[in-house]
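The chain contents come next:
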Amino acid sequence: MATVQETAVTGRPTGALGRITRFLTRGPVQIFLLLEGFLWLLPTFGLLVTSFRDVADNTASGWWNAITEPSQLTVATYKRLLADDGMVRAFFNTILITVPSAVLLVAVAALAAYAFAWMKFPGRDAIFLVVVGLLVVPIQVALIPVARLFGLLNLFGTIPGVVLFHLSFGLPFAIFLLRNFFVGIPHELLEAARMDGASEWRVFSRVVLPLGVPAIASLLIFQFLWVWNDLLVALVFADKTSQPLTVAIREQMRQFGTNIDIIATGSFLQMIVPLIVFFAFQRYFVQGLLAGSQR
Amino acid sequence: MSDDPPETGVGAPEDRAPAGTGTGAAAPAAPSPQPGSGRGRAFMVAMFFLVPALVLLGALVLYPIFFSVFRSLYDRTGDAFIGLDNYQKMFTSAGTFIAVRNTAIWVLVVPALVTSLGLVFAVLTERISWGTAFKVVVFMPMAISFLSAGVIWRGVMWEQDPNRGLVNAAFGSAIDAFGGKGVYPGAGPSQADLLEPQGQAYVTSRTLSPGSTVEIGLFRISEEQVPEDAATASPPSSAAGDAIAGVVWLDFTRGGGGEQGVVDPTEVGLPGVAVEAVSGGTVTASATTGADGSFVLEGLLAGDYTIRLPASNFSEGFQGFTWLQSPLVTPAIMVAYIWIWAGFSMVVIGAGLAAIPRDVLEAARVDGATEWQVFRRVTVPLLAPVLAVVLVTLIINVLKVFDLVFVIAPGSAQRDANVIALEMWRASFGGARDFGLGSALSVFLFVLVLPAMAFNIRRFRTEQR
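Chains as they are written, first to last, in my numbering: chain A, 34 to 328; chain B, -6 to 458.
By construction, these hints were calculated from the structure, which means they are not laboratory data. Among the hints, a few may not be true.
[What the hints assert, rightly or not] Covered stretches of chain B, going by a simulated chain A footprint (3 or more residues, C-beta under 8 Å):
#1 50 to 62
#2 128 to 136
#3 394 to 404
#4 408 to 422
#5 447 to 456
Since the structure is predicted, the reported quantities are computational estimates derived from the model, not experimental observations. Here a beta-carbon is modelled for each residue, glycine too, at the ideal position from N, C-alpha and C.
Okay, chain A solo, but in the shape it has when bound:
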């Protein structure tokens, strides 16, 4: 797009000569970016190939040998992963942690965001500023106190405990995002509903929620990925039976060499879900991720 514009504005020669000149001047840039793109893809590609090679091959030589010897590639590693009860359980734990964390977050945050955006009550602006302030609080500061609290409430080592933690630390960003979106809804729409005698709940559920779908979608996707990819929270609050994939894989890493089949295949399984979400919902994903990048 930029290319077309520039050519038009500066009146550079078009046609074959122009294209050659342009290629020569742009050539170094093209080559540089091609190289960078290749460098960026190579590590992930390496893991993919590694995950399809047996331990013996992986300990004997680097993954790139499989390119010249494709016979090394095997799905046996993945079969072994799926036969590993601990890993399969961890996969389902990941879902059981991630889905409620995302859905509950939207519910709780949407309610609060509506109150901050469209209701009047004493201290509203001050409380909202506190929420904005909480955006950057490092989760480390809550690990010890919440571990103690969960111990008292018998939530330590359970999936609900992990979900509650993710829910709470997702709230500042979620409220911030949704409130900013809700506030932009034309205020005539709400007034009209209120004039008709609709209750606050009705205005919220019938007017604001449907109009807020784009922001809610961003939030859902972002929180889904955030929780799916989390290691630290689960490492502290989950136990052997409730641990998600990230923690299970990390445990295997004590023997990186001999467990490389489980580690590489498990990582790929862990990674494929976010990648699908990334390619399917790129737009929402970028919005949500960028908005929440300070967490």
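For this one, chain A is given, so just place chain B on it according to the hints.
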């Protein structure tokens, strides 16, 4: 992908709030009171909407901050009040101080690098037709977990052996191309009385004169190291008057037997070994052994010569860098971090770039500015606010870096690669169970993000006006 204006946590730049709504004293958008309901009732309704969020935030975010501050003043079990001892320990205990120092290095180095790289990518992708594809590729690591990224990069770097680790393989092929590796790395002479070491080379301990022969046995050579065309060795029968003839063979009989120092019938010659005749410290003739290990050093004048097998025969070549131990482990993890975050920086800066009016750049170009001048004098100054946002975001995230260090650094290197967030976990949950020190570390981390918190709040308040 980059067409959408980015929103960052530092207050959405493209705030969707139209004037006249939202918070702020001037906002006229107060909901009209419901007929027949007092202030009290409105307050109750508002609380119904707010209570779930406020309870969770209060109990699991706000209260823990205060509890951590309080807990950091007590010892590891929480029984004894020790004042600021934990904070003192943080900066004086060697193990913890490495973490503080490394975090400082991270903050100084990484955000600037990631922002610059993102700027370069964003500016360059504007000039190519496949810019979007490039952006998708570079941005993709943002979608995957630090764990997977850590596994990926540990795979890339962990193997020291250039035959197995990708990075070392790349370095190795470059270094060995400049003549690194010898034909028989690690080999040595089997007859200690005949040859003595001279650095990494071996020299005969006695001198020879032209017309004589010599048999040099080597061992500590594995079977794979012997070339396939190696032929059975035989002792040289004689040499011409101006030459020294000899054989270099593998003094090892497969399956046992054979006499050390003697060319036994089944033993093979070692091809490709460089042999030199040295007289008075200078090399007067040199040769390379043939398939059966034989060599002839010709054109020698009468005199005394020592025979030398130069070091190049035995050089181990490039052995690979130990990336995941001190001192390379932190830079190695930083590379992985940059790999992940460059896409973020590129996309945000790219969106800022798209917002710069084209005619401003064109005007500069028409005035005869070079591309570099346009970039330096027009683009970068106009992008300054966006660059600041990216930099602040990265600083906050770098301060909290945990997963990547935890996953990439092997257990033995975690002490050297330590950062505050990791040390907080190690001190509290990684075995030591020192909740006092752990709390102090987390409070320190919290204090470090306070400027960013103030920045956010101030920015938000100005945007609301």
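Right, here's what the structure says about each hint:
no.: 1; hint: 50 to 62; result: holds (count 10)
no.: 2; hint: 128 to 136; result: holds (count 8)
no.: 3; hint: 394 to 404; result: holds (count 6)
no.: 4; hint: 408 to 422; result: holds (count 5)
no.: 5; hint: 447 to 456; result: holds (count 4)
Checked against the numbered hints given earlier, this structure breaks none of them.
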